[in-house]
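**Q** Residue strings, one per chain:
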Amino acid sequence: MTAEAPPVVAVDKSQDSAPPSGVRAWLSRHPLAAYAIRRVGLYFVELWGALTIAFFFFRLIPGDPVQTLIQTLQQNYMYNQQASTELIARYQQEFGLTGNMFSQYLKYMEKLVLHGDLGPSLINYPTPAQDVILRSLPWTIGLLGISAVLAWVLGVLLGAIAGWRRGKLGSAIATNLSIALSHVPYFFVALILVYIFAYSMGVLPARSAYDSNISPGISLEFIGSVLKYGLLPGLSIVIIGTFSWILSTRMLMVPVLGEDYLVYAEAKGLKGWRILTRYALRNCYLPQITAFGISLGFIFNGNVLVEQLFNYPGLGTTLVTAIQQLDFNTILGVTDIAIFSVLTAVLLLDLLLPLLDPRVKYWK
Amino acid sequence: MSDSVLEIKGLEVVYSTNRGDVKAVRGIDLDVRRGEILGIAGESGSGKSTLAVALLRLLKAPGKVTGGSVMFHPAGRSPVDLLKVHGEELRVLRWSALSYLPQGSMSSLNPVMRVHDQFKDVIVEHAPDRKEAVSDMIPRLLAQVGLEPRVARMYPHELSGGMKQRVLMAIAVALEPDLVIADEPTTALDVTIQRVILQSLADLRTDFGVTLMVISHDMGVHAQLADRVAVMYEGQLVEVGDVRQVFKDPQDAYTRQLIESIPKLGRRAS
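These protein sequence lines are chains F and P, in that order. Going by my numbering, the first residue of the first sequence is number 57, and it counts up by one from there. Going by my numbering, the first residue of the second sequence is number 12, and it counts up by one from there.
The set of hints was computed from the structure by calculation and includes no laboratory data. Note that this is a predicted model, so its numbers are computed, not measured. Think of the CB as a built atom: it goes at the ideal place given N, C-alpha and C, for glycine as much as any other residue. Do not rely on the hints blindly, as some may be mistaken.
To be verified - Chain F is nowhere near these chain P residues, computed Cβ spacing over 10 Å in every case:
id, residue
1, L101
2, H127
3, D132
4, H228
Stated by the list, open to error - Examples of chain P residues lying across from chain F (beta carbon under 7 Å, computed):
id, residue
5, L67
6, R102
7, R105
8, W106
9, M117
10, S118
11, S119
12, N121
13, V123
14, V133
15, V135
16, E136
17, Y166
18, H168
19, Y265
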């Protein structure tokens with residue numbers, strides 16, 4: 057990281073060779089733009105590849121969603137008649153299950169890319185899957201997004217301090233606590249929190265996302281209720297997330313503390329906090345930014361249980377219901393959302409990194 | 012006495028190991044006179060760098076000072092024992108009175124800060140009243156060591172070794188400290204750059220009137236730069252004296268060896 061790069065002599069070829077022309081010359085003169093274009097191109101390839109794999113992967117699940125639907129209809133509406141072959145054919149048409157796998161794939165991609173249509177959902181037939189997902193998405197983004205950002209900020213700051221004060225008692229306690237707690241599953245902490253605050257003390261609600269007596273809308277009462285109901289599930293994610301970020305930040309921090317520029321900063325007589333933030337943390341927090349982007353995907357998957365536990369109307373709960381009902385379109389839709397959000401987050405972070413650290417250079 | 016910037020008395024530094032303490036500096040008495048360039052010579056492991064970090068109070072565990080006193084007489088401030096100041100008192104003393112010139116090949120510059128900002132933070136920290144003047148000060152300081160103003164906008168990884176060393180020199184004298192301790196300022200630079208750096212160091216003394224303590228294993232550096240030279244061997248001073256006197260008539264056998272180790276043209280290793 058600190059190895060000295062050989063001095064790079066910038067040779068401007070446009071001066072001594074043939075006069076520049078066309079796209080290539082423009083790109084060679086704007087390396088940052090060339091990099092961005094290449095990176096965005098790669099993003100679309102990744103997106104396409106991941107969506108394709110997800111599509112075929114889910115088609116390998118044994119079972120027939122249409123049969124499941126008929127069964128559900130029979131149960132729910134006491135639909136006692138044997139479904140006619142005609143009806144089944146219509147449903148198969150609607151769910152995009154006609155033709156061979158490849159033509160199904162083409163149809164699916166066409167609808168997804170051109171119309172943003174994921175097909176009808178089973179759990180809420182005939183509501184389209186994207187509507188079912190969009191209904192639960194804000195809850196997940198609100199709960200998990202805020203918790204994840206909070207955990208990252210807290211964890212990186214505390215981890216930096218723990219690394220900075222290594223050898224001291226407080227740092228040792230924080231480090232060991234992090235080692236013990238960083239891999240405890242979210243739902244376990246959630247259960248403990250529920251036991252203490254909801255069951256024993258009875259001060260916080262343990263289920264749902266807001267008080268059902270309050271009608272949803274932009275009102276202080278409703279927002280207060282959402283915050284109150286989100287506190288326990290949010291807290292369980294923040295606590296565990298923070299501990300794992302503390303551990304990894306401390307690990308990145310310690311080698312930087314041995315660098316010459318930290319001794320130099322101390323010799324300069326700068327204030328401790330300034331050395332910590334401007335000299336130590338600024339030189340080691342970059343991997344944490346990338347890790348945050350990647351962690352978004354795990355947050356989507358890993359917090360299914362937290363949402364289930366709190367009966368939170370988020371994406372996780374929707375996903376579990378969809379899996380139980382073999383709702384292809386919704387399961388695939390939730391997966392697509394996770395793929396999209398992780399790839400987009402990593403893309404944005406990749407484009408951001410050269411601005412955060414002058415040593416990061418992707419281009420030649 | 013009043014012309015001394017630093018009075019070192021009986022300084023002892025040990026490194027604790029699991030096989031007992033290793034004495035790196037064994038009772039050194041040395042005065043640094045105001046305005047002089049004092050060279051500290053000696054081979055690797057003689058304790059000269061340990062002496063430097065101990066004086067700068069940058070000694071890290073397992074090293075520790077076990078004895079002695081270091082009276083520091085900054086101009087316009089009351090004298091202090093450098094070994095007894097702590098925390099805020101020490102921090103305030105740093106750079107404005109006591110500054111440090113590390114080896115340029117070491118990564119002493121923060122890789123993610125522009126040169127400009129690495130000047131600015133130390134100036135603003137110790138001389139907040141000069142905050143407005145910083146933008147004028149930096150090009151002047153850079154010019155003093157033969158660098159163009161545009162260097163201020165660059166990052167350390169865009170500089171060559173010699174340029175880095177000059178930037179460090181300019182930062183070292185930015186607040187006109189009473190004493191600059193330079194640890195191997197020319198090591199790891201090629202010989203032509205070494206010459207230039209030595210010349211700039213000599214110029215800095217003339218221009219800023221700083222007192223310089225130069226640690227180097229290279230007797231050639233002392234011959235060119237220092238007024239007086241102190242020779243260390245196994246943690247002790249074996250000889251201190253005027254540089255010409257020492258070179259002409261070394262009193263100690265070890266000093267003689269060191270002087271003879273300077274390569275001469277026409278004499279080949281066999």
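**Q** Which constraints among the numbered hints does this structure fail? Numbers only, ascending.
**A** 1, 3, 15, 19
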